[in-house]
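Here's the letter readout for the chains.
Protein chains: 2
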Amino acid sequence: MNVLVVGSTALDSIKTPLREKPRLLGGSASHAAVAASFFAPVQLVGVVGQDFPRRYLELYRKFNLDLGGLQRLPGKTFHWSGEYEINLNNRRTLKTELGVFENFRPDLPESYRQTPFVLLGNIAPNLQHHVLDQLRRPRFVIADTMDLWLNIAKPELLRLLRRIDALVLNDSEARLLTGLDNVIAALPAIHRLGPPYVIVKKGEHGSILSAPKGLFLAPAFPLAKVVDPTGAGDSFAGGLLGYLASQPGPVERNLRRALIHGAAVASFWCEDFGLARATKLARADIDRRVRALERLIRTT
Amino acid sequence: MNVLVVGSTALDSIKTPLREKPRLLGGSASHAAVAASFFAPVQLVGVVGQDFPRRYLELYRKFNLDLGGLQRLPGKTFHWSGEYEINLNNRRTLKTELGVFENFRPDLPESYRQTPFVLLGNIAPNLQHHVLDQLRRPRFVIADTMDLWLNIAKPELLRLLRRIDALVLNDSEARLLTGLDNVIAALPAIHRLGPPYVIVKKGEHGSILSAPKGLFLAPAFPLAKVVDPTGAGDSFAGGLLGYLASQPGPVERNLRRALIHGAAVASFWCEDFGLARATKLARADIDRRVRALERLIRTT
Chain U
33 MNVLVVGSTA LDSIKTPLRE KPRLLGGSAS HAAVAASFFA PVQLVGVVGQ DFPRRYLELY
93 RKFNLDLGGL QRLPGKTFHW SGEYEINLNN RRTLKTELGV FENFRPDLPE SYRQTPFVLL
153 GNIAPNLQHH VLDQLRRPRF VIADTMDLWL NIAKPELLRL LRRIDALVLN DSEARLLTGL
213 DNVIAALPAI HRLGPPYVIV KKGEHGSILS APKGLFLAPA FPLAKVVDPT GAGDSFAGGL
273 LGYLASQPGP VERNLRRALI HGAAVASFWC EDFGLARATK LARADIDRRV RALERLIRTT
Chain R
33 MNVLVVGSTA LDSIKTPLRE KPRLLGGSAS HAAVAASFFA PVQLVGVVGQ DFPRRYLELY
93 RKFNLDLGGL QRLPGKTFHW SGEYEINLNN RRTLKTELGV FENFRPDLPE SYRQTPFVLL
153 GNIAPNLQHH VLDQLRRPRF VIADTMDLWL NIAKPELLRL LRRIDALVLN DSEARLLTGL
213 DNVIAALPAI HRLGPPYVIV KKGEHGSILS APKGLFLAPA FPLAKVVDPT GAGDSFAGGL
273 LGYLASQPGP VERNLRRALI HGAAVASFWC EDFGLARATK LARADIDRRV RALERLIRTT
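So the protein sequences, as listed, match chains U and R.
Going by this note's numbering, the letters in the first sequence line up with residues 33 to 332, in that order.
Going by this note's numbering, the letters in the second sequence line up with residues 33 to 332, in that order.
Among these hints, one or two may not hold up.
[Unchecked claim] Pulled from the structure, derived: some chain U residues nowhere near chain R, Cβ distances all over 12 angstroms:
{"#": "1", "residue": "Lys94"}
{"#": "2", "residue": "Thr125"}
{"#": "3", "residue": "Leu159"}
{"#": "4", "residue": "Leu164"}
{"#": "5", "residue": "Lys257"}
[Stated by the list, open to error] Listed below are the simulated DMTMM-like cross-link pairs for lysine to aspartate or glutamate, each with C-alpha atoms no more than 20 angstroms apart in a straight line:
{"#": "6", "chain 1": "R", "residue 1": "Lys53", "chain 2": "R", "residue 2": "Asp83"}
{"#": "7", "chain 1": "R", "residue 1": "Lys257", "chain 2": "U", "residue 2": "Asp203"}
{"#": "8", "chain 1": "U", "residue 1": "Lys234", "chain 2": "R", "residue 2": "Asp213"}
{"#": "9", "chain 1": "R", "residue 1": "Lys234", "chain 2": "R", "residue 2": "Asp213"}
{"#": "10", "chain 1": "U", "residue 1": "Lys47", "chain 2": "R", "residue 2": "Asp83"}
{"#": "11", "chain 1": "U", "residue 1": "Lys257", "chain 2": "U", "residue 2": "Glu115"}
{"#": "12", "chain 1": "R", "residue 1": "Lys234", "chain 2": "U", "residue 2": "Asp213"}
{"#": "13", "chain 1": "U", "residue 1": "Lys257", "chain 2": "R", "residue 2": "Asp203"}
{"#": "14", "chain 1": "U", "residue 1": "Lys234", "chain 2": "R", "residue 2": "Asp197"}
[What the hints assert, rightly or not] For the chain U half of the interface with chain R, some residues (derived, Cβ under 8 angstroms), not all of them:
{"#": "15", "residue": "Ile216"}
{"#": "16", "residue": "Ala217"}
{"#": "17", "residue": "Ile292"}
I should point out that these hints are in silico values taken from the structure, not numbers from a laboratory.
For every residue, glycine included, the Cβ atom is placed at its ideal position computed from N, Cα and C.
Could you put the whole structure together from the sequences, leaning on the hints where they help?
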């Protein structure tokens with residue numbers, strides 16, 4: 033089944049302790065959509081400016097993304113610059129130039145409105161609402177968010193939580209959202225805000241799924257070298273939802289393996305800058321790493 | 033089969049953001065030995081002073097610890113005071129009074145020298161060597177350590193690593209030992225120093241076993257409330273080794289489930305101060321939590 037991904041489509045200038053890469057293809061929607069495309073047909077919703085390189089459109093097409101929902105507006109593409117600290121766990125935003133993103137209004141083409149699996153990537157909650165308003169009874173909606181919206185748009189975000197199936201967030205966002213320092217204690221508090229499914233991303237420490245039938249502790253794939261973690265969280269969510277869309281049967285039954293698939297995908301994302309590793313990735317590589325992850329957590 | 037545990041036997045004065053508990057029974061050997069005793073007969077090696085409360089000897093006896101190797105010397109018992117920060121992840125030592133521990137020389141009673149499973153708890157590496165020198169062909173030796181010995185007794189520690197089967201350490205110690213920031217990259221470097229098994233403790237994020245047959249990622253039991261994490265790492269190692277000693281068949285085959293048992297035991301340790309939760313614990317409680325942990329990582 034199809035997957036709809038909305039979020040930012042951006043140019044990323046990334047500095048790590050070892051290297052610097054200017055104007056890579058980035059943004060939450062780019063990473064999530066490419067990740068999901070390994071499993072299911074993907075419809076992309078985003079906005080780019082007139083400076084958006086033709087080769088990046090070709091990159092989207094290489095992954096068979098439906099670009100009917102990608103607007104091209106007069107002005108510049110959203111540009112983010114960031115720098116990672118030595119251990120790559122902490123990053124610092126150097127510059128954010130919103131460009132055409134400032135006036136982004138995600139209007140969906142008619143062909144997108146019946147899509148069953150929806151990822152509301154990290155954008156302003158009012159835009160996430162606007163997408164939901166145009167959809168006809170989606171089957172499973174995942175929303176991602178960030179600390180910024182928790183700080184400046186909390187009422188809209190809280191209203192969104194009552195309209196989605198699953199919230200994906202990292203541990204510090206879980207603390208910020210609930211005021212609770214213990215992530216396990218924060219989970220029931222987040223469920224009370226609406227979503228029946230909550231997925232907490234913990235980077236190299238894996239992720240936690242909290243579902244009506246209980247918790248699942250998903251591992252991260254152990255990497256001896258991380259080159260650039262940008263987009264790892266987005267590719268995790270995209271891979272997870274793409275896998276769900278590709279599987280028969282109820283979502284609840286497929287969710288644990290979906291987290292494992294998301295973890296496998298995200299690990300590849302960390303192995304090179306931007307989407308560089310993704311362009312050399314085959315579905316068989318992902319499946320191999322999924323099997324490796326399953327062996328890594330087998331108790332016998 | 034029997035387990036020998038050597039380490040510190042101390043009085044701990046612990047401050048958490050909510051409470052303060054003076055002169056609890058503590059020390060690496062106390063925690064590890066009590067934890068191991070749920071699975072196998074335990075022989076304790078340690079030293080206490082004349083101020084060591086009789087009720088703590090009774091507590092040891094309640095767990096059927098063999099106290100033939102517990103020396104009682106003129107002077108004061110080792111006393112440690114520490115304070116935890118608000119999230120209980122970081123602690124700060126307020127005071128360390130070595131007392132009789134300063135002259136500790138772990139001489140083993142004859143009845144201890146053939147014990148097959150040995151835990152060299154966190155004490156000076158030269159004392160760990162002294163214990164090994166007295167043992168007749170132990171079957172499996174685990175050593176724990178701490179940053180202090182990495183800083184002040186590295187040559188003795190490096191020599192110890194060539195004499196043991198397994199090293200247990202936390203992620204920051206793994207970095208300090210190898211100079212490598214990435215824990216996964218540090219593992220092969222630690223194996224090259226000697227131990228065929230390395231176990232990295234990551235607190236609430238679980239643990240990693242690195243063995244000749246590959247990695248195992250063990251979960252931590254998700255706790256919504258941690259009261260006092262003191263002794264969690266020691267109880268993890270003790271529970272792990274006690275379980276190993278209780279199982280037939282090769283150690284390699286039982287190690288993954290041993291980490292799960294260690295994790296289950298350690299989670300109870302965090303639920304109250306010192307050994308308070310342990311005194312109310314039954315083997316059936318541990319087994320129930322082991323089964324819960326196994327469900328939490330099942331992918332289907």
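Hints, verified against the model:
1. Remark: the non-interface label on lysine 94(U) is consistent with the geometry, its nearest Cβ contact in chain R lying 31 angstroms away (cut-off 12 angstroms).
2. With a least beta-carbon separation of about 23 angstroms from chain R, threonine 125(U) lies farther than 12 angstroms from that chain, consistent with its non-interface assignment.
3. Every CB of chain R lies more than 12 angstroms from the CB of leucine 159(U), the least distance being 33 angstroms, so the non-interface label holds.
4. Look at leucine 164(U): its CB is around 30 angstroms from the nearest CB on chain R, clear of 12 angstroms, so calling it non-interface holds up.
5. Interface exclusion of lysine 257(U) from chain R breaks down, the closest Cβ pair being 7 angstroms apart, not more than 12 angstroms.
6. This hinted pair checks out: lysine 53(R) and aspartate 83(R) have alpha carbons roughly 17 angstroms apart, not beyond 20 angstroms.
7. In summary, the hint linking lysine 257(R) to aspartate 203(U) is supported, as the alpha carbons are separated by about 16 angstroms, within the 20 angstroms threshold.
8. Restraint check for lysine 234(U) and aspartate 213(R): satisfied, since their Cα atoms lie roughly 18 angstroms apart, inside the 20 angstroms limit.
9. At roughly 14 angstroms between alpha-carbon atoms, lysine 234(R) and aspartate 213(R) fall within 20 angstroms of each other, so this suggested pair holds.
10. For the hint pairing lysine 47(U) with aspartate 83(R), the CA-to-CA distance comes to about 58 angstroms; that exceeds 20 angstroms, so the pair is violated.
11. Simply put, lysine 257(U) and glutamate 115(U) have alpha-carbon atoms about 18 angstroms apart, close enough for the 20 angstroms limit, and the pair holds.
12. Only pairs whose Cα atoms come within 20 angstroms are accepted, and lysine 234(R) paired with aspartate 213(U) is accepted, the gap being roughly 18 angstroms.
13. Taken as a hint, the lysine 257(U) and aspartate 203(R) pair is honoured in the structure, with Cα atoms around 16 angstroms apart against an allowance of 20 angstroms.
14. With a C-alpha separation of about 31 angstroms, the suggested pair lysine 234(U) and aspartate 197(R) falls outside the 20 angstroms cut-off, and the hint is violated.
15. Using the Cβ-Cβ criterion of 8 angstroms, the hint placing isoleucine 216(U) at the interface with chain R is satisfied: the shortest such distance is roughly 4 angstroms.
16. Nearest Cβ of chain R to the Cβ of alanine 217(U): about 4 angstroms, under the 8 angstroms cut. The hint holds.
17. The beta carbon of isoleucine 292(U) is positioned within 8 angstroms of a beta carbon in chain R (closest approach about 6 angstroms), and the interface hint is therefore held.
Violated hints, listed in ascending order, are 5, 10 and 14; each of the other numbered hints is respected by the structure.
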